[in-house]
Amino acid sequence: MDLPRRWLLRAFLAVVILGLLVTTSGLTLAYEPTNLRAGTIDQPANGTTVVSMQGFHFQGEADPKKPARLVAVGPRGSVEWVYNGSARGASWFYDVDPLPNGNLLAVNTARGKTFVYELNPDTGERVWTEVLPITDTHDVDLINGEELLVANLRNSSGAESDERIYIYNRTTDRVTWEWEFANHYPPSTDVGVSNTEDWSHVNDVDKIAPGEFLVSPRNFDQVIAVNRSTKNITMRLGADGDHTVLDEQHNPTYLEGPDGTPTILVADSENDRVVEYARENGSWERVWTVGEGQLNWPRDADRLPNGNTLIVDTLGQRVIEVTPRGEIVWELFAPWAPYDAERLAYGDEAGGPTMQDLGISGSYELTGGAEKRAGPGADRSFPTWLTLTFRETPVGGPVTEFAERWEGISQWIKPVWMAPWGFVTLVGAGLLALLWGLGELLYNRHRLRSGLSRAIGGSSGR
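In this text, residue positions in the sequence shown follow our numbering: the first is 3, and each later residue adds one.
Since the hints were made in silico from the structure, they are not lab data.
None of the values given here were measured: they were computed from a predicted structure.
Take these hints with a grain of salt, some might be off.
[Stated by the list, open to error] Keeping only pairs whose Cα atoms sit at most 25 Å apart, straight-line, the calculated DSS-like set for lysine-lysine is:
#, residue 1, residue 2
1, K115, K67
2, K233, K209
3, K67, K416
4, K209, K115
Produce the entire structure from the sequences given, and follow the hints as far as they go.
The following block contains the structure:
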């Protein structure tokens, strides 16, 4: 007897869903979750490396498998100490800076406030703490001994924005200086100030000279220098929406090349690369690129005195030291979502040479590493596969936007033990099952309506 086509379709859907679930299981069984451990160590580090890990919270609850923490490791990646912020009420960890006395300046947020404190790494105790009444801050620097230089993001409402950088004096307990983005950028910048509570997403501010601050408004795709006295923007790399230069960057570092050439080393996050730009004859030129298409949302890059670059590969869940030609010589797997890394021996800013100082230029692939990623695509993620597959098609724009959203969201909700591609197949099975269920409801709507009417009629007749 021939089966109705609807039963053949049901059988087909059941087989596909079962196949996706089996694939999820197979990928996950073969998957080795990233744990805190050393990877490739071809060149032991000079002393201790401290890494801040953002961690994950949801509605005030910490995920114990994705804690916010500070970790210190030795030259070969062995763990020296761990400061668990989640166990102390921290929602997220962000910037960490070595202080001249050997302590650390740490920044974390919790319950709508920002905590800045000096941490003694030997005792795990806080020397002093300042609680700033601001929702989210990624970077605070201690300058001039008693002042905190603060990057204040997520401070927009309606048509108004109070997002700013400011200086808070710990001795007088007063804000002594501030610089607001709304006074220097049109309200239409990025998605428009009226359409977001996170307009600039300023994620970094550094003192680069007396009275001169380097600022990173992430959502504006640019790095700027601001003069404290005049409040003028004195230097600008990138432009809003010009993603060929920068795309939502993090943690720029100001360097000076031959004859004082202004140079900026920066984690070009959404472009999945680290880049170095030099300004000559009034224009910026990209002189060096590493890891394009191999890094996964890098958020920090520091030039070390030996010419290598220390990179935080956030969604790659690792910190790597790479040579000017891209060879990974030191590697630490550091879940979850590492944000900042510092070599304590070099202080707050390592201040190594520029690529022009070293006579190096061009774009370099990453080589080496514990996973031996041979080049772009060697360990391709689902978002990268989507983007590369559809970018030359009419749907390339929407697909790329979806891929970016997927990458931003899935990393936060995927269980740590599940393979990334296994999560994709699980979601696919779930969506297919949902569509099947909706289809069954639609196909059987008359029968369901009749049954419901009979049930109601029978009940009312009693």
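Hint by hint, here is what the structure shows:
Between K115 and K67, the direct Cα distance comes to roughly 24 Å. Compliance with the 25 Å bound is thereby established for this hinted pair. About 14 Å separates the Cα atoms of K233 and K209, which keeps this hinted pair within 25 Å; it holds. Between K67 and K416 the CA atoms are separated by roughly 11 Å; this keeps the pair inside 25 Å, and the hint holds. Proposed proximity of K209 and K115 is supported: the alpha carbons are some 24 Å apart, at most 25 Å.
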